[in-house]
Structures are given as structure tokens and as C-alpha cells.
Amino acid sequence: MEIARVWLGTPYHHQAAVRGAGCDCLGLVRGVWRDLYEAEPETPPPYSPDWGEYGEVEYLLDAAKRHMEPIAIAAAREGDVLAFRMRDRCMAKHLAIKSGDWTMIHAQSDDRVREVALSPYWRRHIVAAFAFPGVEP
Numbered sequence: 018m019e020i021a022r023v024w025l026g027t028p029y030h031h032q033a034a035v036r037g038a039g040c041d042c043l044g045l046v047r048g049v050w051r052d053l054y055e056a057e058p059e060t061p062p063p064y065s066p067d068w069g070e071y072g073e074v075e076y077l078l079d080a081a082k083r084h085m086e087p088i089a090i091a092a093a094r095e096g097d098v099l100a101f102r103m104r105d106r107c108m109a110k111h112l113a114i115k116s117g118d119w120t121m122i123h124a125q126s127d128d129r130v131r132e133v134a135l136s137p138y139w140r141r142h143i144v145a146a147f148a149f150p151g152v153e154p
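Mapping to this note's numbering: the sequence shown position 32 is 49, numbers consecutive.
Treat the hints as calculated values from the structure; they're not laboratory data.
For each residue, glycine too, the CB sits at the ideal point set by N, CA and C.
Be aware that a few hints might be false.
What the hints assert, rightly or not - Label-pair distances were calculated between CB atoms; the ranges are:
#, residue 1, residue 2, range
1, Glu57, Asp105, 29 to 35 Å
2, Arg106, Glu153, 15 to 21 Å
3, Val35, Ser65, 31 to 37 Å
4, Pro63, Arg94, 28 to 34 Å
5, Glu153, Glu57, 17 to 23 Å
6, Ala89, Pro58, 18 to 24 Å
7, Met103, Glu55, 19 to 25 Å
8, Arg141, Glu73, 17 to 23 Å
9, Pro63, Ala134, 30 to 36 Å
10, Ile88, Pro63, 26 to 32 Å
Hey, can you work out the whole structure from these sequences and the hints?
Laid out in C-alpha cells, this is it:
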């Protein structure tokens with residue numbers, strides 16, 4: 018959580034992953050990963066802002082499964098990654114880091130990295146949770 022909180026205030030920038038300069042939700046998780054492990058597990062392909070609005074392949078969930086430990090949503094703890102499906106019949110396209118029982122850290126378009134309430138709205142859109150490998154909460 019110490020690493021994730023250092024990203025607070027980073028402006029939103031689509032496809033970026035640079036602390037203090039800009040990131041999107043994936044960039045936040047990539048940046049925390051880089052800070053933990055000193056390298057990224059893979060480079061994501063270019064993606065458009067609306068990439069999760071169509072298609073059937075779960076690119077975000079598949080990549081998370083390749084590199085992180087899938088866990089039950091109910092078992093997610095502080096420091097774990099939450100994945101969200103924002104619309105029915107669309108791919109999961111948003112990530113956040115759980116920062117408390119009722120809070121999360123995420124990057125959202127037209128904003129910056131913030132710690133916000135994990136409100137009922139956000140909770141009902143969670144579709145998966147993942148733990149960083151080898152990291153204790």
C-alpha cells in the first residue's frame with residue numbers, strides 16, 4: 018500500500034504508467050508492479066479508450082491471470098487488485114487496488130489517481146480479484 022499511495026495525485030493519461038506524470042488504471046497497476054519487481058511482466062499492446070466496450074476476449078483478466086494470483090473477491094485484502102466489468106456483456110476494463118475494507122486507489126479518466134470509497138456502485142461491478150505474487154498484505 019505504501020507504493021500504491023505514492024501514486025496518489027498522478028494525473029490520468031491514457032496508456033501511460035509514469036508516477037507523477039500520468040497513468041490510466043492499468044498504468045497504475047503496471048507502475049506498482051514495476052516498483053515491486055523492478056520490471057514489467059509484459060508490455061501491453063496499444064489500446065483505445067473504448068477497447069472494453071466490444072469483443073469477447075477478456076484481455077485484462079487473461080493478463081492478470083498470467084502474472085498474478087487469482088483470489089476470491091470476498092478474500093481480497095488491502096493491496097490486492099480488483100477488476101471491474103462496467104457494463105453487462107462487455108469485457109472487464111477497469112482496475113483498482115484495494116486500500117481498505119471500503120476504499121480503493123484507482124485512476125479514472127479526466128481525473129487523477131485517487132483513494133475513493135469502494136461504494137456499492139463499484140462493489141457490484143467487481144468481477145475478479147488478484148494478489149501480487151509474493152507480497153504479504
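#### Entry: CB-CB spacing for Glu55 and Met103 relative to the 19 to 25 Å hint
Cβ of Met103 to Cβ of Glu55: about 32 Å, so the range 19 to 25 Å is violated.
### Task
Could you tell me whether the CB distance from Glu153 to Glu57 stays inside 17 to 23 Å?
22 Å, holds
### Message
If I claimed the Cβ atoms of Ala89 and Pro58 lie 18 to 24 Å apart, would that claim hold in this structure?
### Response
22 Å, holds
### Message
Quick check on a hinted range of 29 to 35 Å for Glu57 and Asp105, using CB atoms only.
### Response
31 Å, holds
### Message
Holds or violated: the 17 to 23 Å window for the beta-carbon distance between Arg141 and Glu73?
### Response
Given a distance of about 22 Å, which is inside 17 to 23 Å, the answer is holds.
### Task
Determine whether the Cβ-Cβ distance between Ile88 and Pro63 falls within the hinted range of 26 to 32 Å.
29 Å, holds
### Message
Range first: 31 to 37 Å. Now tell me if the beta carbons of Val35 and Ser65 are that far apart.
### Response
Since the Cβ atoms of Val35 and Ser65 sit about 20 Å apart, the hinted range of 31 to 37 Å is violated.
### Task
Please test the hint of 15 to 21 Å on the beta carbon pair from Arg106 and Glu153.
37 Å, violated
### Task
Note whether the CB distance of Pro63 and Arg94 lies within 28 to 34 Å or breaks it.
33 Å, holds
### Query
Between Pro63 and Ala134, does the C-beta distance stay in 30 to 36 Å?
Hint holds: Cβ distance 32 Å, inside 30 to 36 Å.
Hint violations for this structure: numbers 2, 3, 7, all remaining hints satisfied.
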